[in-house]
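Novice: What follows is the residue order along each chain.
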Amino acid sequence: MKTSLTSNNYLLEEKVSFYKKILNQVPDLIFQLTISPENNFYFSYINKNVISFFEVNEFELHSNPIDIINSRLHPEDKNLFFDSLQSSKKKLQPWDCEFRVVLKNKGIHWFKVVGSVELDADKNTVFYCNLSNISSVKNRELKVQESETRYQFALEASKKGIWDYNVKTGKVYFSKESLDILQLDEMDNITSNTQWDERIHPDDLEDYLLNIQAHIDNKTLFFENTKRVLAKDGTYRWVLSRGKIIERDAKGNPLRIIGTHSDVTSNKEKEQELLHNLDIIIEQNNRLLNFAHIVSHNLRSHTGNFKMLLNMMDEPDDELNQEECLGYLKTTSNALSDTIDHLKELVDIHTTIIHKKEDLNLGLFLNHTLEVLSKEIRDNKVTIVNKIGEKDTIKFNPAYLESLFLNFTTNAIKYSHPERIPEISYSSRRENGKVILMIQDNGLGINLEKHGEKLFGMYKTFHKNDDARGIGLFITKNQIESMGGSIQVESKVNVGTTFKINFNEEV
Amino acid sequence: MKKFNTIFVVDDDLVYHFIIKKLFSKCNIDVRTKYFFNGLEAIDELKDKVQTDNVPDLILLDINMPVYDGWQFLEEFKKLKKTISKEITVYLVSSSNDISDLNKSKEYQDEVKKYYYKPMTQEDFETIFV
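Sequences listed follow chains A and B, in order. With our numbering applied, the first sequence closes on residue 507, and no number is skipped along the way. With our numbering applied, the second sequence closes on residue 130, and no number is skipped along the way.
Since the hints were derived computationally from the structure, they do not count as laboratory data. Remember, it's a predicted structure, so these values are computed and weren't measured experimentally. Beta carbons are placed, not taken as given, at the ideal position from N, Cα and C, and that holds for glycine. Don't take every hint at face value.
FRET-style restraints, in silico, Cβ to Cβ [claimed, not checked]:
id : chain 1 : residue 1 : chain 2 : residue 2 : range
1  : B       : Glu75     : A       : Glu402    : 34 to 44 Å
2  : B       : Ile99     : A       : Ala399    : 31 to 41 Å
3  : A       : Leu329    : B       : Asp48     : 29 to 39 Å
4  : B       : Ile99     : A       : Lys307    : 19 to 29 Å
5  : A       : Leu299    : B       : Tyr108    : 24 to 34 Å
6  : B       : Thr127    : A       : Lys307    : 11 to 21 Å
7  : A       : Pro316    : B       : Asp48     : 30 to 40 Å
8  : A       : Gln272    : B       : Glu87     : 57 to 67 Å
9  : A       : Glu419    : B       : Glu75     : 24 to 34 Å
10 : A       : Lys357    : B       : Asp44     : 41 to 51 Å
11 : A       : Ala399    : B       : Asp44     : 36 to 46 Å
Bound conformation, chain B alone (with noise of 0.2 Å):
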């Protein structure tokens, strides 16, 4: 049984883009996935699909975005959440190293399951997906 289904991916990067789309094709990976440029796009759209109960099951959010970046839409997700009945996995995917985004992260243990360094790997899909 497939982990997930639905996926989110939200980074303002289209060659981060690019590679996530490379990297399924790569590990055989049959997922459906929409692609947001923002974390405020992202949340409009989940908004929506509340709606229907079509959400996904899996985000991958980056922290460093235009608009609403991914701490933003963490909070605008944290207040959405009690309204959904389906689990919504969330993974940050970000280049960020720093100390500072670590610690923000576990402000958000109970949004947040892992946080991902890029570039994300082959064998990072593999555990996520396999």
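Chain A on its own, in the form it takes in the complex (with noise of 0.2 Å):
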């Protein structure tokens, strides 16, 4: 029996022997932990690579075993390691956990520890562990989350939307910040790439195909495009998209664009107002020159006379009339001061800030014109055909407008064609919401590419007509200007005249 006995217990020997041999070899972290009922800590067994990884020495293997964990141990871990421990001891679960180590050497590692547990005939608990470094996922792994939550924070730091469009389905994922910047969200099921489009502002969406298309075509690195998209409550916002297509297939076709939404409404509102005033600033510009232009011809001819005849008189020859130059003094002086009461009324009507402004119905004001001018009208033997419309009322100046009407009328019967009846007709259309007046007639007509430059300067005439002063047409012209409108002209020699004025309900 003994030798039996003996015997079995030399092949036990030797296969534990060969387990050892082999466990040696095994590339893996392993080792066994024995914890006593009193909580004592034996490490029963550990493999060759725990030791020369966890840089452990001789004189530290003879230790407590706590003291070795506890010096190697992250601080942060620490609990969490002997907690799961613990736990795993009391359930008799398997244990996990994950932890990092700090070596002398190696420095920071993250491990993963997995073993089984159970109890021995001595109520020892037993744990067999395999330890595995699991540092580069890890590390891995927080360096997305890091980037994660960097992108996240870029995202909503910036007001950012993301969408991503899978073009074979058409379905499209929006961001909330996408959605936020129309007011929608995800109850308003918005997924596809068309339910998205109609809701572009009509004018916009050729350009905006335009860009897309010029990106499929691989004509531009990036696809970008700002446009005006309909948000809930019916306003439009406007929207500046950046994507780029991600992947396509075997032919080249798209098959996913990924890409970025902002909002830009206030910036585009203020660009908008900074061109708005940038006209206004050349308008006032322009009037300004003019200003100086009337300035440096009318009123310096004028003054111009006075210096010469005053002259004149101060050194009389024999010839000399005192008379005659005092005459012509009169003749300088009047003309002076209309062309500064012109002056003036130009001057007034860019200066006064907030103009009367009324709703006026065309075809009333009309009437009314006709009715002042009806002896001229019936004595030049006149054919007037009204066809405004009965509803066309615009928000202008009452005085300005019955000038305006007066102005077009006379000229019109002043520069009458000879040989025909006159023939004034006067109509009105609506063009995008804004009232357009026509005043047409059949007489002398104006060469406007020989006079067109100058046909609405101050003191311009082109017709050898007495009476021609050259002030009607442009002090019409800057009180409709004033009032937000424009005027333009279509006119043929010996044929007739078309004004057509565009008034601008808005201003």
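Once you've looked at the hints, go ahead and assemble the two chains, each given alone in its own frame, into the complex.
Specialist: Okay, here's the thing in structure tokens:
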């Protein structure tokens, strides 16, 4: 028996030695931890890899295992480590824990321990454990998490939305920020490309599609487009979209496009305000130049005349007739005061900040003008054609509208064709909600190639009429412009002239 | 020898006509003058005179005038000039000291010899005529 026992022991020892050798060959970090009922720790087995990886020296091997563990665990992970160990011990359930260790030479490493647990005959708790170094996985995971956080923050801080378009299915993921721009949320269920595109302002759609196509055709590195998109409250928001095709099929057709949305409404509004202000400045500047021009031409000629006439009277010669000189002085003085009156009128038009504006019915005002001019109309046998829409009402200064009708009507009569019965036709229509007035005559016409530039200038006349002063059209044009409108002219010599007046309701 | 014999004065200002007349008499300049109130009248007359080769030597031309202004006169004059053998001197006489007018006058440097500011003085007349 003894022999067989010995031989059994021998066999067992041989087996143990075999497993130990095998265990020492495997690259894994393997150890056996035993915890006594008194809560004392023993490493019943530690393979070479554990000893070498955790930099455990000969001296330490004989010290308390808790000290070894404590000295290597990351301070922040100590509680986690021991809590999970105790919990596993208590429930006798497998131990599983991820933790950091701090090694003298190797620095910080992430480890995952997995162990099975059982009670032996002496009520010791025994853990059979395998350690794996998960540092690289863990670091990658942390980096991804960190960059995700950073990315999320960047999106939130910049108020940028994200969209992800699957070209094949037409489905789009819109992030919360994207939907926020249009006051939409998940409940609105905006999940397809068409749902987004149909909210785009019709005027901006063509450009948008062109920009996308250019990127699909590889003409642009990125897709970029700014357009108006309809928000839930019925207003349009300016949205800047940027995107890039990140996947194409073998034929080069796009499969997936990802991009951002940003709300640039306030920028756009500021930009438009700036452009509007620029227009005003240019207009004001032109008026100033025009004013300087008038001063240079008209005022200076009168003062020059005064100077010369007075010089002559100062040094009279035999032939000089004082009476005659006085007469010319008077003429010059009258002309000067006329010019000053006209200039004052011009300045008044443009400096009165609040123009009196009322809702005026075009037809009513025309009838009033025709009554005022009834004698001239009768004497010149003028045919009046009134095609003004009954409901065409404009916001305009009543005095200006009256002078407008008077001016165009008297001009049409003054410059009627001698061989024809004068006919003046008035009509109106609406274009984009704005009223346009047309006044057409069959008179002498103006050669616009020759006179076009100076047609609306001050003191410009084009016909050999003695009573032409060249002030009416100039003042009328300025009045229309001061109300935010504009005027255009078409004319043909010996055929007639058409004036087209665009009223601006909004200003 | 007199520099100029026949002169066209083209200006819509009657007072200016009077002043020019007086300056001629004051400076004892004996020339034939013809007065026009706008550019078209002057160019029409010039076209007539071309037939008889009886064109003026000098034209005093205002810029700001009704019907045809000075520039429009110059445009027509440019075409007409090629058909005239006699040399015609053109002086612009304007009250405008506007830079845009001065620059524009340079576009007509083949036609316009000099730019005078109004009012014309006795000294101006002496340099022109004596």
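Novice: Check the following: the C-beta atoms of Ile99 of chain B and Lys307 of chain A are separated by a distance inside 19 to 29 Å.
Specialist: Holds - the Cβ-Cβ distance for Ile99 of chain B and Lys307 of chain A, about 23 Å, lies within 19 to 29 Å.
Novice: If I claimed the Cβ atoms of Leu329 of chain A and Asp48 of chain B lie 29 to 39 Å apart, would that claim hold in this structure?
Specialist: The hinted range 29 to 39 Å holds for Leu329 of chain A and Asp48 of chain B, with Cβ atoms some 35 Å apart.
Novice: Quick check on a hinted range of 34 to 44 Å for Glu75 of chain B and Glu402 of chain A, using CB atoms only.
Specialist: holds (38 Å)
Novice: For the hint 30 to 40 Å, verify it against the beta carbon of Pro316 of chain A and that of Asp48 of chain B.
Specialist: holds (38 Å)
Novice: Looking only at beta-carbon atoms, does the pair Ile99 of chain B, Ala399 of chain A fall within the given range of 31 to 41 Å?
Specialist: The hint (31 to 41 Å, Cβ to Cβ) holds, given that Ile99 of chain B and Ala399 of chain A are roughly 36 Å apart.
Novice: Holds or violated: 41 to 51 Å for the Cβ distance of Lys357 of chain A and Asp44 of chain B?
Specialist: holds (47 Å)
Novice: Evaluate the given range 24 to 34 Å for the C-beta pair formed by Glu419 of chain A and Glu75 of chain B.
Specialist: Roughly 29 Å apart at Cβ, these two residues keep to the hinted range, so it holds.
Novice: Quick one: are Thr127 of chain B and Lys307 of chain A within 11 to 21 Å, going by C-beta?
Specialist: At roughly 19 Å between Cβ atoms, Lys307 of chain A and Thr127 of chain B fall inside 11 to 21 Å, so the hint holds.
Novice: Is the distance from the Cβ of Leu299 of chain A to the Cβ of Tyr108 of chain B consistent with 24 to 34 Å?
Specialist: Taking Cβ atoms as reference, Leu299 of chain A and Tyr108 of chain B lie about 25 Å apart, which means the hint holds.
Novice: Look at the Cβ atoms of Ala399 of chain A and Asp44 of chain B and judge whether their distance stays inside 36 to 46 Å.
Specialist: holds (41 Å)
Novice: Using the C-beta atoms of Gln272 of chain A and Glu87 of chain B, is the stated range 57 to 67 Å upheld?
Specialist: holds (59 Å)
Consistency with the previously given hints is maintained throughout, with no hint failing.
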